[in-house]
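Trainee: Spelled out, the chains give:
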Amino acid sequence: SPVNKTLRLATTTSTENSGLLSYLLPRFTQATGYEVHVIAVGTGKALRMGQDGDVDVVLVHALPAETKFVAAGYGERRYPVMYNDFVILGPVNDPAGLKHAHSVVEAMSKISQHSALFVSRGDDSGTNKKELAIWRDAKIKPKGSWYREAGQGMGKVIQMANELDAYTLSDRGTWIAYRDKTHLKVIFEGDEGLRNPYGIIAVNPKRYPDINHAGAQALIDWITSHDGQQLIAQYAIDGFKLFIPSATRTAGTDSK
Amino acid sequence: MSYIAFSETHKAFGRRHILQGVGISLREGQCCLLTGQNGAGKSTLQRIIAGLERPDSAQVDVGDGYHSWKAQRKFLQANCVYLHQQPFMFDGSVAENLAYALPRTLTKAERLHRIQVALTWAGLEDIAECWAKTISGGERQRVALARAWLRSPRYMLLDEPSNNLDEDAKRRTLTLLESLKVQGIAMVVASHEAEQYRCIADEQLDLAQGRISARTGVGSTLPPSNIIPINKFQQA
Amino acid sequence: MSYIAFSETHKAFGRRHILQGVGISLREGQCCLLTGQNGAGKSTLQRIIAGLERPDSAQVDVGDGYHSWKAQRKFLQANCVYLHQQPFMFDGSVAENLAYALPRTLTKAERLHRIQVALTWAGLEDIAECWAKTISGGERQRVALARAWLRSPRYMLLDEPSNNLDEDAKRRTLTLLESLKVQGIAMVVASHEAEQYRCIADEQLDLAQGRISARTGVGSTLPPSNIIPINKFQQA
Amino acid sequence: MEHLSNATIQAFYLLFSGDRDLWRIIGISCRVSSLALMIAVLPAIMLAFILSYARFIGRRFVISLFNTLLSVPAVVIGLTFYLLLSRQGPLGDLHLLFTQSAMVIGQIALCFPMLVAMGHAAFQSADKRAWETARTLGASPLRALLTIMREIRFGLLAALLAAFGRVISEIGASMMLGGNILYYTRNIPTAIALETSKGEFAQGIALGLVLLLFAFVLNTSLHYFQGKGQVIA
Amino acid sequence: MEHLSNATIQAFYLLFSGDRDLWRIIGISCRVSSLALMIAVLPAIMLAFILSYARFIGRRFVISLFNTLLSVPAVVIGLTFYLLLSRQGPLGDLHLLFTQSAMVIGQIALCFPMLVAMGHAAFQSADKRAWETARTLGASPLRALLTIMREIRFGLLAALLAAFGRVISEIGASMMLGGNILYYTRNIPTAIALETSKGEFAQGIALGLVLLLFAFVLNTSLHYFQGKGQVIA
Ligand SMILES: Nc1ncnc2c1ncn2[C@@H]1O[C@H](COP(=O)(O)OP(=O)(O)OP(=O)(O)O)[C@@H](O)[C@H]1O
Ligand SMILES: Nc1ncnc2c1ncn2[C@@H]1O[C@H](COP(=O)(O)OP(=O)(O)OP(=O)(O)O)[C@@H](O)[C@H]1O
Ligand SMILES: [Mg+2]
Ligand SMILES: [Mg+2]
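Read top to bottom, the protein sequences are chains V, D, S, U and B.
Numbered continuously in this note's numbering, the first sequence closes out at residue 256.
Numbered continuously in this note's numbering, the second sequence closes out at residue 492.
Numbered continuously in this note's numbering, the third sequence closes out at residue 728.
Numbered continuously in this note's numbering, the fourth sequence closes out at residue 961.
Numbered continuously in this note's numbering, the fifth sequence closes out at residue 1194.
Not one of these hints is a red herring.
Not everything, but these chain B residues come out facing chain U in the computed CB check (under 10 Å):
#, residue
1, SER1025
2, THR1029
3, VAL1033
4, THR1041
5, TYR1043
6, ALA1082
7, ALA1083
8, PHE1115
9, LEU1122
10, SER1130
11, PRO1150
12, ALA1154
13, ALA1163
14, LEU1179
15, THR1181
25 Å max Cα-Cα, derived BS3-like pairs, lysine-lysine:
#, chain 1, residue 1, chain 2, residue 2
16, D, LYS389, U, LYS856
17, D, LYS389, B, LYS1089
18, S, LYS562, B, LYS1089
19, B, LYS1089, S, LYS625
20, U, LYS856, D, LYS326
21, B, LYS1089, S, LYS566
22, B, LYS1089, U, LYS856
23, S, LYS662, D, LYS426
24, U, LYS856, D, LYS330
25, S, LYS625, D, LYS389
26, U, LYS856, S, LYS625
Simulated from the structure, these hints should not be mistaken for laboratory data.
Backbone N, C-alpha and C define an ideal beta-carbon position, used for all residues, glycine too.
Could you build the full structure based on these sequences and the hints that come with them?
Mentor: Following this line, the structure appears as structure tokens:
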């Protein structure tokens, strides 16, 4: 069994709140003897914790930021783990008519054209970054009283959109966890541009020689192994599969 | 003629029965000297009369027949002023403390005038602007007395008014009380220095074992007030 | 022979110069009566002697030559007891208040015995278990006096000790002070009732305009303490 | 650390160069918290007074209760009012959720127990003769109350400052009830929480310093009114 | 609402059926907060005493400062100590981040100003004669201090309860410094925050009630020691 048994994982609230980690990690502990301390925070903060060497490994979903993180030498390598996708949620009557949109860019444009209420995460999280990228692609500067920047976690933002009868962009995992608690429905989904990849990165042991790099590597190895990927594929809430494993490819960035 | 009459006043603190059916009456222009050993209940009785301390039971007549203390409390509080055995000074200057007792309806000039008179009487001109919480024991007593006087009540309950006072102040206090008597104010003075007040007291009540044991008419030619039958009061 | 000598004691509150170069000395078994008008500075002087109030300047000799008040403060606090003009009762029973003054090294039996003696002397047996914050003015004074006595200090500074006391208690107090004198305790009694204390006072100091203006030897055959030249003290 | 001092300098620069976003956030903090305090303070002081001077059954229970309420996390208060104000909640028709009014309500609920508990402690320390003397000198109950309040103003001020500290710095209720919406309900603490969650620690600290500066100015001016903080006989 | 009562019943069921996870969370809350309070209380009271009885230059500034510190959001305290304790920070070598020790440190920093500010208000209200009488009756300075503390125990107790309320209910510092790690650093408030962020409102409220119950028991027992809460002459 390993020398340093505790391993610190900084991750996003979406993985923790979806219940995936409490499903995976006990099995990892059984297999390897490492005990994982999960610190669930926003993507930005998780990466920052990795940068400062306060955690051993990070599991996040913000591809450009992750690439930068590795490029800057904070992390060793990025391994793709899985992906899920984003969906646009909105009120059932769909006042902006998103249902008939052909692409996510068109869908979001409609929201701004109709000045339909939209609640943005506004917290620089992976989801927020994705949303901003779509606005950029649509060449729209989201501004005005229809655009509400909330600065909160995904769950809270879904609740807010529910209260305000607004649209919002959510990851599927959180949506499934919340779907019974809101009137909102998935109004738009399935576009290629809505894919949400998760990567795992061990913090660079060259920067912090005493971090638990062996444990981090063990977690990476396990989660990208056949067993780990199998378990991710099987994970479901009420029959809804949440994540699609994607570690079959080699380490690095996964295709869009 | 205004009066207050208490009868059958009972008060116990825990198991200690301090007042056991005391009767006392205050009449216009009468000064009643209250004596008794330490712990006899003088202060307690005065506080009850002033409407500050709730008796266990008491019959109170303020001119409209006997009622419970609770029913008369408003009248008592509005018409009596009680001078604490250890007077309390409000946070503020001596002049502000005096001003506190003045009716708020007075004009500013009138207020200033009355305060000035009180300051002069009490010999406190020099310290009018001093912070009242730090003045000396005797000064404190003078302020409290002057303050009670400015209130111009109909009934005054003075608890050891000459405590801490120097000879001169004691003399002035006596003169003041005498003139108040003439103005028709009723007074109850509790003191251990009975001789001092003999000259102005109409009667002396001695409190012992929870009862008023000795009723001596002093100086005044009137019979001691408590002996006047109650029905006579009610006719008044 | 132990003594405390103050000289050139100055104290001002704001612009009011209360003590302007006062000198006083306390010697074993001597009782000094301090008189003066209200606000003359009697309490202030006593508090300075007891080490409780900082003078603006003062020369203090406690047997080792003159030093500043600050340097002697520890000695003063440890050897003097000051009885407040309005005594303070600690939260607790009367007996607990008395126990406060006893050295903590005594055995329990000894403590109880001494408290019992003090209670008996002060006539407070009945209220030994009462909450000290609510007792009557005179009872309060008695407790404070008994408490100061239990402390068995070498110097006692009593501020109006007979305030609020009834005749009987006043007499007992005098007897107590007399016996303390015999035991060699030095006392300074501030009072407006000078005649009461004449019989035990060795000298009477009158404080006026910030100075000790009248020094009268009373009763005692010794010359007034302040007149003894300082160098004579230092030889002692 | 260097990063931090840069961010602080930047924050103060924004502050004094009149950056609109920052001042808006500050404005929302001030408006919401001062409104909440102003609404809560009078009834709370009255209640504290009654708990000190009146005798009734259950008095000690009520005191204990308010002391206990000090331990309720802001997020629980937020949550409770969220459930009340949410669409499905009993007060959903008022459409107050995610408005400043909702934040005010939450903050009232937060500072009320603090004001009562600390105010009670302050009234408790008052000399009973203050009330008696005021009354016997002819003061109306209201005036006598004001007199006592003057006597214990140090304690009351401490209560007020503690309550102010609680509402100006709390995140849970503002976040839940306001929603941290930029320009509408984002106040200083929620902005700090947001910056922190982004990993922008320096920005968070800098905003914290801005908050401190404001609190300090308020404090010092209040202390000025209070007079000397000395123990007196 | 029905949901809520179900969750409450469930929470109390878990509580009394000895659910291990729940009790662990409660245990962490109690251990961390009581440790923080115990460490902070003595120096804070001493400082409050000095601020009331000693005269020195800058005294009023220090008092204002501590009152101001009441307005620091817990998350800013958390952040500050995070930066200190983080590996890159000056104290990184201690490896305290994400441990209960770090939480204790954060909570000490949170309750210290509260204890000083409220303690100062309490000492301020003491009768000056209490100190003088104690000293002149031969009490050592320490004993005299204890005597005054006894006189003002209502005020001190209120300070203690306010400080307890602050640390037991705060989220910011525990979250930042502890990391909300299950079984290690998850305490009641961070658990509430987690449940709330998951949308499990009922669980959140139920945990809040558990916290309330604990606080109430503590309170009532403290009040028992304090004696009657009456105003006296
Ligand atoms: N609030 C109270 N609680 C309990 N006992 C009290 C209270 N007030 C007074 N007592 C007791 O009642 C008795 C009478 O008190 P009171 O103050 O009326 O005496 P007094 O005649 O004024 O005495 P003194 O001459 O000493 O002023 C005293 O023994 C006192 O201890
Ligand atoms: N702390 C203080 N601050 C300001 N002035 C004070 C303070 N203490 C006393 N004084 C003033 O100093 C003067 C002397 O006070 P002190 O108490 O010594 O008088 P005293 O001789 O004891 O008078 P009394 O016979 O009335 O007891 C008084 O005028 C008083 O107002
Ligand atoms: Mg009396
Ligand atoms: Mg005096």
